[in-house]
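There are 2 protein chains.
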Amino acid sequence: MKVLVLGGDGFCGWPTTLHLADKGHDVIVVDNLSRRDIDIELEVESLTPIRPMGERIRAWKELRGQDIGFVNLDLAEEYERFLELLRNERPDAIVHFGEQRAAPYSMRNSKAKRYTVDNNVRGTHNVLVAIVESGLDIALVHLGTMGVYGYGWSGTAPIPEGYLTVKVPTPDGELEREILHPANPGSVYHMTKTLDQLMFAFYAKNDGLRITDLHQGIVWGTQTDQTIKDERLINRFDYDGDYGTVLNRFLMQAAIGHPLTVHGTGGQTRAFIHIRDTVRCIELAIANPPEAGSRVLVRNQITETHRVLDLAKMIGDVTGTEIAYLPNPRREAEENDLAVRNDQFLALGLQPTTLSQGLLDECTDVAARYSHRADPAKIVSRSVWRAGMETAEDLLTELPERLPEPQ
Amino acid sequence: MKVLVLGGDGFCGWPTTLHLADKGHDVIVVDNLSRRDIDIELEVESLTPIRPMGERIRAWKELRGQDIGFVNLDLAEEYERFLELLRNERPDAIVHFGEQRAAPYSMRNSKAKRYTVDNNVRGTHNVLVAIVESGLDIALVHLGTMGVYGYGWSGTAPIPEGYLTVKVPTPDGELEREILHPANPGSVYHMTKTLDQLMFAFYAKNDGLRITDLHQGIVWGTQTDQTIKDERLINRFDYDGDYGTVLNRFLMQAAIGHPLTVHGTGGQTRAFIHIRDTVRCIELAIANPPEAGSRVLVRNQITETHRVLDLAKMIGDVTGTEIAYLPNPRREAEENDLAVRNDQFLALGLQPTTLSQGLLDECTDVAARYSHRADPAKIVSRSVWRAGMETAEDLLTELPERLPEPQ
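In order, the protein sequence lines correspond to chains A and B. Just so you know, the working numbering puts the end of the first sequence at 407, numbered straight through with nothing missing. Just so you know, the working numbering puts the end of the second sequence at 407, numbered straight through with nothing missing.
Warning: the hint list may mix true and false statements.
If chains are identical, the list can't say which one is meant, so a pair holds when it fits in one copy or spans any two.
In silico DMTMM-like pairs for lysine to aspartate or glutamate, Cα to Cα no more than 20 Å straight-line [unchecked claim]:
#	residue 1	residue 2
1	378	172
2	167	41
3	111	77
4	313	361
5	111	74
Since the hints were derived computationally from the structure, they do not count as laboratory data. Only a predicted model underlies this, so the values are computations on that prediction, with no experimental measurement involved.
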C-alpha cells in the first residue's frame, strides 16, 4: 500500500514510518517539522539526538535500500499543496499524527492554546476536505487519545471502544441508543481530539469517508525494531515538563538521579502502551479499515493501566530513587480507577508488550547513554491549567558530576 | 450594561444591537463585515437595501441620540486587537453572533467548508481565550442552533434544553447521567456549532467562564420595533438559495410570483422564531447569565415548530402561489417529527410571537416593496451536500413586468 504518514517526524510518527516501510509499504512522510520548532521555543531538546529528516531517510536507504518520501508541508495552512499531493500520489491510506500532542503545552499560555486549536482543528479538517475533493478512496487512520473519555465518568463500567449504549427515556418507554461516548477532555489538547471526533462523524456520514480513530493511551519506550538499527534512526525521548510522558520521565529521572516527579498524589490511573505496540496497532488499523458508509471505527489503542504512584514506587524501588510529591499543575481528579476495553486490537492479533523489567531497562539505558544531554531545569512541569496555580522549584540545578554508565 | 455584539452587522446581530441600545445598554458592534463580502462573492444582495455601518450608526444617533460603537475586527485573525478591546472596554457581556451562519454556504465547495470551520472555530476559541486572559468577569452569550441536536434522534421525547438524562449500564447496575445531547449536525455549519459546544464546556469547567449557549430555530421576519423606525436602519432580507431562510424565502417568492420552492417532500419539520423574539431572548439571556463554576447554560431559542410543506401550502393558499417540488440538495431525512422544550425563555417572561397573518403580511410587504431588487437566478438552492447531486433549473428567468404593489 501507499501510505502518507502525517506528522511522520514525531515521537510516534517516525517509528510508525519505519515500521510500515519495513513491512513493505510505500511510505511518504508529510510534516512541517513543527515538533522541532517547539523544541527551539521551549529551549529543550529530545534526550536522544534526533537527526535531520534528510539524514534519517538516507540512513534507512543505506540500511534497507528503501526510499521513504518526505514532503515539508503545513496541513493547517497549505490545503492546496496537500490536495495536489493526494492527486499526484493517490495513497491507499493516510495515517494522521499531524497535531500538537502535549496537554501541558496546550495549557501553557494563550498563544499555545490558540496554536493547538488552530493547528489541530484546521489540519484535521483540511485532511477530510481534501480526501472528499480528491474523490479518491483513501482510508484515514487518526491518532486520538484515551483522554477524550475523561476518567471516572462511567462508574465501574469499563470504557468502551468509542461508543456507549445508553437508555433514553421517552413518553413511550426507554429507547436504547448507541452514542459516541460523552466527551470529557482534561486540556485544550484533549479538547481538540474531541472536536476531531465530531468532524470525523460528520464526514463519515455525509461523504462516506472510511475513518478509524485510535484512542491511544500514554506511550512509553523509545526504540522499535527499526529505530534501534542505527543511531541516525533513533526515536525522540522527551523528558521535559511539557512533552515528556510520565513513565519515560521517571525512567530518565532515575537514570540521572533526579527524584521521581509525582504531581499531586499520584492516584491518577492512566492507560499505557509501548511504542512497539503503537506501530503494530497502526499496521493493523490500516489493514482493517471500515467500509465506506460505516460510522467511524473507534479502537482503543492501549495495553495496560497503571496508577502513576505505583509506577513511581516500582521504579523507585528498583533504582533506589526517591519520590518527590509536587503540586499538580493540572485540574484533574486526585484519584481515579480506570478499566478500558481493548478487545479489537487483541482480536486482530496484537500481542501486548506489557511493562517488563527488560523494557524498562532498555529505556533506562537509552536515558543513561544520553544523560549528559539532559537539562535539569526542564524537568519540573510548570504549564498550569489556571493562572496562579502553584508550581515547584527545580529539584536539581545541575547534573551530577558522575552520571551512571549505560549498561 | 456594556455589551459587545460580535457579528453585530448581520441579520440577527444588527436588530439585536438596536434592541439592546434601545433598552439602555451601552453597545459596541464588533464585525469584520464578512457578511457583506460574501454577498459580493455570491453576486447577490439583501432584498432590502443595507446601508454602510457608519450610516446605520449615524441614523440611530439622529433618531435616539445614542452612540453605538463599531470596531471592524476579524475575530479569527486578530486575537491581540480583540484582547486589547476587552481590556479597554471592560464589557459586562459579550453576545457572539460572529460566525458564518448558512448551512448551504458551508457545503458549497471546499473553500466554503474550510472557511466555515476556520472562521467559526478559531473565532469562538479566540473569544474564550481572550476572556480568560483578560481576567475580566464577562458573561458570554453565544448563538447556537437547534441543528446541533439533529432530528428524530430521541423518538417521541421532546428535545431537551441542551442536556439529556440517560442511563448507563455498569456491572453494579444502571447509572443516571446528564449528558450534553448527542450531536447530530446536518452540515459543516451545524458541525461548527457542535464543536463550539465542546469548547464552551471545557472553558466553563476549567476556567469558570459564564457561558450561555442559545440553540436557535430558523429565524423569520425582517423588522423589529427599532429597525422599522428609519429606512437606513432596515434589516437584511436574504432570499438567495444559500442565505435565505425558508419562511422568508416563501414570502418573498409569493411577493414576486415565483413558485414556492420546496426541496424534497417538504416533510421536514423545523423550529422557528421571529426576529422580534430573537432580540428579546438575547436581552433575557444577558440579564440572566449562569454563575461562575456552573456548566454551560443551554436555552432553546424557538417559539413554534412547523412542517415546511405546511408553511408552503398556507402561503400558497393565501397568495395563490403554486408550489414547486425541487430536488433536495441536502442529505437529510425526508420527513421528521419534532417537539422541542423551550420552558426557560417562557419562564423568563418571553411572550412568543407566533406565525400570524399580520406578521406574514409585514414580511410580504417588505418583500414587495423591494422586489425590483430581486435576482430570480439566485433563488434555487444549488449548494449540494455531495458532489453530483441533482439541482433544479431556474423557475423564473426574469422578474415579472408588473410587480405587486406594496400595501
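With identical chains treated as interchangeable, where does the CA-CA distance between residue 378 and residue 172 reach 20 Å or less: within a copy, between copies, both, or neither?
Intra 59 Å, inter 44 Å, cutoff 20 Å: neither.
Within, between, both or neither, where residue 111 and residue 77 count as close if Cα-Cα is 20 Å or less:
both (17 Å within a copy, 13 Å between copies)
At most 20 Å between C-alpha atoms: does residue 167 with residue 41 qualify within a copy, between copies, both, or neither?
neither (48 Å within a copy, 47 Å between copies)
Homomeric proximity label, residue 313 with residue 361: Cα distance no greater than 20 Å
within (16 Å within a copy, 77 Å between copies)
Up to 20 Å CA-CA - residue 74 versus residue 111, copy category:
Result: close both inside a copy and across copies, 18 Å intra and 17 Å inter.
When the structure is compared with the earlier hints, violations turn up for hints 1 and 2 and for no others.
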